[in-house]
Amino acid sequence: MRLNKITEAVPFLAPVQILILSVIVIPSLYVVWLSLHASSFGQSATFVGLDNYIRVLTDPAFMLALGNTVLIVIFAVHLELALGLGMALLFASGLPCRRILLVAVLAPYAVSEVIAVAMWRFLFDPDVGPVTAVLTSLGLPMLDWSFEPSHALIMIGLLTIWLHLPFTFIILYAARLAIPKDLYEAARIDGATPFDAFRRVTMPLLGPAIVVALLFRYIFAFRIFSEVWLMTQGGPARSTEVVAVYLYQEAFSFNAFGTAAATAWIMVLASLLLATGYVFLLRKQVAGNAH
Amino acid sequence: MRTDKLVIGFGKTVAVVVILAWSLFPIAFIVMSSFKPGQDIFAVPPKFVFSPTFQHYVELWNGWGVFFDGLLNSTIITAGATVLAITTSTAAGYVYSRYSSRMLDASVMFLIIVRLIPPIVVTLPLFPIINAVGLNDTHIVLMVLYATFFVSLGTVLMRTFIDQIPRELDEAAQIDRAGRLTILRRVIVPLAAPGILAVAVFVVVFAWNEFLFAFIFTATRAKTAPLVISEMIGSIDGVDWGVLFAASTVQLIPVLLFVIFMNRYLVAGLTAGATKG
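In order, the protein sequence lines correspond to chains Y and D. Read in order, the letters of the first sequence correspond to residues 1423 to 1713 in the numbering used here. Read in order, the letters of the second sequence correspond to residues 2 to 278 in the numbering used here.
If you are wondering where the hints come from, they were derived from the structure by calculation, not from laboratory data. The reader is advised that the hints may include incorrect statements.
What the hints assert, rightly or not - No farther apart than 30 Å at their CA atoms in a straight line, the calculated lysine-lysine pairs in the BS3-like style are these:
(1) D:Lys48 / D:Lys13
(2) D:Lys13 / Y:Lys1603
(3) D:Lys6 / Y:Lys1603
Just so we're clear, the structure is a prediction, and the values are computed from it rather than from any experiment.
All chains should be built: construct the whole structure from the sequences, respecting the hints.
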């Protein structure tokens, strides 16, 4: 059965489209306009072309924030993928009480960034933190995250992994369960070792799921804000800022809406670029598998 | 051969223990510490045996009334955002499932592309506008924002779930002269309940825990629980860890139980959401 007239469909579609247009699309387009003008609260805007973009891209604070963001994305997302993949294979290899274990692994999904930061700040507290105590008793260096920017970034990376591992794990585990058992049976009969089966059966068939998990996580890790803001506020001396925190500072601390808007569109474009890159790779991979 | 199996079994056990510790230790630690008397919180090594006390909860109740206002605000906003997101995505998902045209296909692509826009981007224009119309620091702003950032995923999910409902059921209802809206309410909604629950899990967890929008768009009246907790973390006179742990436990336990009970729908939603768009 079909909806005969498009007019019949409009009332059903309208609420979603109105919400998205008025809250996301039109504001985002207005941000393009903002990014091409110099403006601040209570001042009339003047057209400045790409000045704001040039100013952002030549700002050492932005380049540092971009570098930090890229570091967190590369470090956290790939480590997360490796852990998630390992866990997915472990679960698929047969474990007792699998449902209960699965729920336990999902638990961090329920935890807000605010509480996760509270946990981390206490666990890694230089004076009273239990993890710090364990590290020192093992003779390892502790994470001096409130003074040492690189340590703060490691903390933030670990926190991000902790919060998002459930997502990566579920995507990979579901994909692993979807691989037919016959394929492993056939591989075994052909004399393949478990490692061969992993390389020739598991990895190629998990490929698309890995790409999807990576894509989502790249895009979401790139916008990281709350974890950084709550952990360090970008300090000391703006050394741990990420792009979203830089944007926030420009807009809400320095009232520089033009450069903040340019930063915002740099973020959008980076996300689009990542997405198209991966969709392209995915298409190629799917086409490659078909041959 | 036998020792091989033992070694593998041992390795698996170790891996499972490590995974459980990684996932659950931080949560268990916060909940446990919220019941520890005064100095026991800071004991090194941490104490796992102690006489539990409600002292931090009493302090929270007496000193942080604003936290309980925050919980109420969070509840109202979460409920509103969830209802808004579910109704709008179910209606749209229904049309996307039962009707196909070039324009509709294009608008699905559009729904997916919209998800690439980081939420912080829209705060720039929305902040002055919301202030100008006097809607800052109200529940409605956060409800609409939270719902909107999930309706694109929600619609795509609902389409996937409604696709599995046989069209013959719609047709039978239509022969009985049921209108479009009646079919949606009487036929589709009951059968698409797992999809609705999957969308609900996403929105509830997001709205209950969200920080950025709450931080930018609320000040006092609509302040949510995570925002109050963030103020506890950042308080100048040093963090009162006992009270912070008590507040964290109160904020965390309901949503944790929700995720535990709804884990099937969460898993279904995550996998469908990642593969279908």
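>> Tell me if the straight-line CA distance from D:Lys13 to Y:Lys1603 falls inside 30 Å.
In response: 21 Å, holds
> Holds or violated: D:Lys6 with Y:Lys1603, Cα cutoff 30 Å?
Replying inline: 21 Å, holds
> Has the given pair, D:Lys48 with D:Lys13, been kept, meaning a C-alpha gap of at most 30 Å?
Replying inline: 28 Å, holds
Hint compliance for this structure: no hint is broken.
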